[in-house]
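**Q** Chain by chain, the residues:
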Amino acid sequence: MSSSKTDSEPLSMPPEPKRRATAESMASRQREISVSEFFTKNRHLLGFDNPAKALLTTVKEAVDNSLDACEEAGILPDLLVEIREVAGPTSAKVGKLKEADAGPGGGPSRFRVIVQDNGPGIVKPQIPKIFAKLLYGSKFHRLKQSRGQQGIGISAAGLYGQLTTGKPVVITSKTGKGRPAFQIHLRIDTKRNQPDIVQEDTVEWDPEHGTRVEIELVAAYRGGRTGVQEYLEQTVVANPHLALTYVSPKGERTEFPRVTSELPREAQEIKPHPHGVELGMLHAMLADSPDKSVKQALVDDFSRISPAVAASICQMAKVNPKTPADRINGEDLERLHRALGQVKVMAPPATAVVPIGEALLVEGLKRRFPRAEFYASTTRPPSVYRGNPFVVEAGLAFGGDLPLDELAEIMRFANRVPLQYQPKACAISEAVYQTNWRGYELQQSKGSLPQAPMAIAVHLASVWVPFTSEAKEAVAQYDELLREMKLAVQECGRKLAAHLRARANADREMKRRGLFERYIPEVAGAISEILGLEKKQVEKPFYNALPTFAGTSDEPGDGNGGAGPAGSPAPASKARPKDAPPPPQAGVARRSPKPRGEQMTLLE
Amino acid sequence: MAKSKTAKKTDRDAETLSKIQKLARQALTQVGKGSNPALEIRTRTLSNVAFNQKKRIIELGDRSQSREFFNVAMARKFMQTFLVASGCKNLIDEGKTVSIRQMFYMTKHTLEGSSENTFEDQNESDPIIEDLEVGIDALREELHLFANRRGLLVGKLTVNDAGDTIDLARMGRGGWGIPSICEPDQLKFVKNSAEFILCVEKQAVWHRLNEDRFWEKHNCVLMTSEGQAARGARRLLQRMAVELKLPIYVLVDNDPWGLYIYSVLKQGSINLAYESMRMAVPNVRFLGMSAYDYKKFAMPKAAEIKLTKEDITRAEQMKAYPWFKDKKWQREIQGTIDNGFKMEVDSLLTKRISFITEEYIPKKLRDKDYLQ
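Residue numbers (this note's numbering), protein chains in the order written: chain P, 363 to 966; chain L, 57 to 428.
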């Protein structure tokens, strides 16, 4: 009945011992647990806890990998995502999952997920390792902003497919024109965490280069906030340079042409910053430098540590700088760690973080909400969280055909990846909730989202995103992050408020104008009658004067309350055309980045 | 529409017409220069009237309000003012006179492309007419307008009204209705043998006195204003005072409202302060009813009506008016407050039916028991 029982079922673990065992009998059972086995037991940590989520996670891992690969190679990504429902028995094991998990549309069935990119391709010997070995990848060992972080994602998806359908993962890849395209059918040996090549062919493949991943799995296709469609639409918002074709299980084809041919600037890989390093990590780093002194290791392995800074760190930690790095242990290590956290150093270089940018974020929003009335965006200056540089940006689309009388929609992004689960636990949602939208001319119940035809996007770009869990579903609520998120959201709110006030002024102006226009023929008729003139002759000067007076607010004592609320925007802000987004550069001037305490350097 | 401009214009008409045209030309010039066309209208509120101690009348101050067209709160009234001005211009052209209610209908129509009317009801058009009067400094009759007539007259006087000679001693029970316009060009005094004028507030009291032939016995003119005096009655009273040099006695109820009717006859009203010169009769005499008549005439308790809070408030207000600052008036008003009750003239019938005709008024006149 319990969920743990359900989880353990796919494993053929021996029954629990009913009696106390001896050390010897225990030792006979103690053996290395492969990561694959670990996964099958803990797949909920990785986003495979139910059939609907498994489908989303599979698509997501494949798309994230493709985008990272394209960008790293400097290729504008062209992606095809296709989900096909295939005939075949659903695995008994997954079939036993609770109905509720399967979501609407009945129980789970078999799907084939195909994700194809125009990336650089993968050299043949690497293919099995990348797709069929958990915790293998290029991203875990470095500090660089990228979508995937653990290298567990795509192989986990393959493993899930294998466990539920018994089908191998099919990879097709080609690294350049004139080179052969390889097609490899892969299985994962769950005991040894080793790839198992089932079949290997050289095939004819049209694209010049790229990779195609096909995974068959038992899953459930679901719409709504946590669906694949939503994921892809949000991905399109955060990746204006992505051209995407999506073929749904019903065969519907949706094309999202790219809106910019500008690739995001390549994020620079950085060494760890002394303020962000953890004790275990420090230990590993020092152990990896057996030929160096502590001082030299610090200078080489960290960013912003000069020989002078390294010397002062050693002094603070009461460690001889000449001690071989791999000999630092115990209390020395702890003191050194503490000193690293306290030493005054420059903030990490901001070049490691690549935001979407104000103008492109608006372009992205327009892809999903092409008929909104108003768009705004804000990119905050870089800031630092525990030695990790980050940038927060926010954008919003308002009005037009967005649904009235509903709560605003939040789109959360971490390194351009949409976050769809656990909105309540996420710092991004919290930032939106904590913003007083009533100050921006919107309705908002206490502790709720604003009620408005509005979609808000918040993007956190960082070399290290602190997720609340390994499932990477929500951003942890650290003060530095929350503060920047709130500032970004508030800045967008202010831009929206200026627009709404200008619109209200325009409405009032229309009303005033209408009133005068109604009376002019009467007044002109009377005056022309009195003076024996042509009515048209009298009307003309009145209509000529109309524009001058229709716009200005009445003086006090007008009684009609024509004057706007205090602090109505300056006329200049009225001039902005309704449909155009605020010019990103001309908008609110970027504040000089002066984060409190830590000083940030901008190398660009 | 075909306009008949056949009517002969008097000099007065020509002058009024030029005032209206000046108003229109001024607005047109202003808007032609790109400025906001505006009408200057003197404010007709208590704060803009002053009591002229020397002339003993209420006069309108100089404070005025600018009524602009391009102003949401004023545009409608601006338009209405010109509609009325244009209507008056047509009346002058055609030599016709209409009531202010008829003017309301003359200028009322639905605005093109909306359900809004130029005037929704007469309460909207009446103040606009008064605005125009002060705005161009023309009298209502000069604009060829009149209000509903109010007030009756009977007595030892012969007048000529628009060519008809009328002996006011031969008016039977109904009396002569005082026209709304009592200007000398239309109403002339032919023969007078009256020695004074008695003006009573209420028609019922006038009827009592007329039935008793009071005016015949006392050789006077008997008039009723039928409540607050209309312009016609006030103008007529003023002309009789000035041209016939007759003393005027006023008999009103003993309460603040009655006293205010007297006050308006004496020094003018706030709303029509700009007309005081032609309408106020500063030496009009307050015959009664006085608070002190209760004792003097040994009135029975049945004559009393308890003062309401409103009555007392109003009495206190009146005490503060500069034209009632005189000791005798303060004493009179305070007398009512101290009594704690008010009395209607009709209450004299508690004594007997013709007590008012046979005793009350003759005794008051004989004793010169009045305030002035």
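Keep in mind the hints are simulated off the structure, nothing from the lab.
Treat the hints with care, as some may be off.
Claimed, not checked - Each pair of labels, with its calculated beta carbon distance range: (1) P:E879 with L:E96: 21 to 27 Å; (2) P:Q796 with L:G90: 46 to 52 Å; (3) L:E176 with P:Q796: 48 to 54 Å; (4) L:R157 with P:E879: 26 to 32 Å.
What the hints assert, rightly or not - A few chain P positions that, by computed beta-carbon distances, are all more than 10 Å from chain L: (5) R615; (6) S623; (7) N691; (8) R730; (9) R874; (10) L877; (11) R880; (12) P883; (13) E884; (14) E891; (15) A912.
A virtual CB, placed ideally from N, CA and C, is assigned to each residue, including glycine.
**Q** Within 48 to 54 Å or not, the Cβ separation of L:E176 and P:Q796?
**A** holds (51 Å)
**Q** Verify that the Cβ of P:R874 lies farther than 10 Å from every Cβ atom of chain L, and report whether the claim holds or is violated.
**A** violated (6 Å)
**Q** Can we confirm that no CB of chain L comes within 10 Å of the CB of P:R615?
**A** For P:R615, whose nearest Cβ neighbour in chain L is about 50 Å away, the distance exceeds 10 Å, so it holds.
**Q** Find the nearest Cβ of chain L to the Cβ of P:R730 and say whether that gap is larger than 10 Å.
**A** holds (41 Å)
**Q** Find the nearest Cβ of chain L to the Cβ of P:P883 and say whether that gap is larger than 10 Å.
**A** violated (6 Å)
**Q** Using the C-beta atoms of P:Q796 and L:G90, is the stated range 46 to 52 Å upheld?
**A** holds (50 Å)
**Q** Minimum C-beta separation from P:E891 to chain L exceeding 10 Å: can you confirm that?
**A** Since the minimum Cβ distance to chain L is about 5 Å, P:E891 lies within 10 Å and the statement is violated.
**Q** Checking the smallest CB distance to chain L, is P:S623 really beyond 10 Å?
**A** holds (51 Å)
**Q** Say whether it holds or is violated: P:E884 keeps its Cβ farther than 10 Å from all Cβ of chain L.
**A** violated (5 Å)
**Q** Check the non-interface label on P:A912: least C-beta distance to chain L beyond 10 Å or not.
**A** violated (8 Å)
**Q** Is it the case that P:R880 keeps its Cβ farther than 10 Å from each residue Cβ in chain L?
**A** Not fine: 5 Å to the nearest Cβ puts P:R880 too close to chain L.
**Q** Hey, does P:L877 actually stay past 10 Å from chain L on C-beta?
**A** For P:L877, whose nearest Cβ neighbour in chain L is about 6 Å away, the distance does not exceed 10 Å, so it is violated.
Checked against the numbered hints above, the structure violates hints 9, 10, 11, 12, 13, 14 and 15; every other hint is satisfied.
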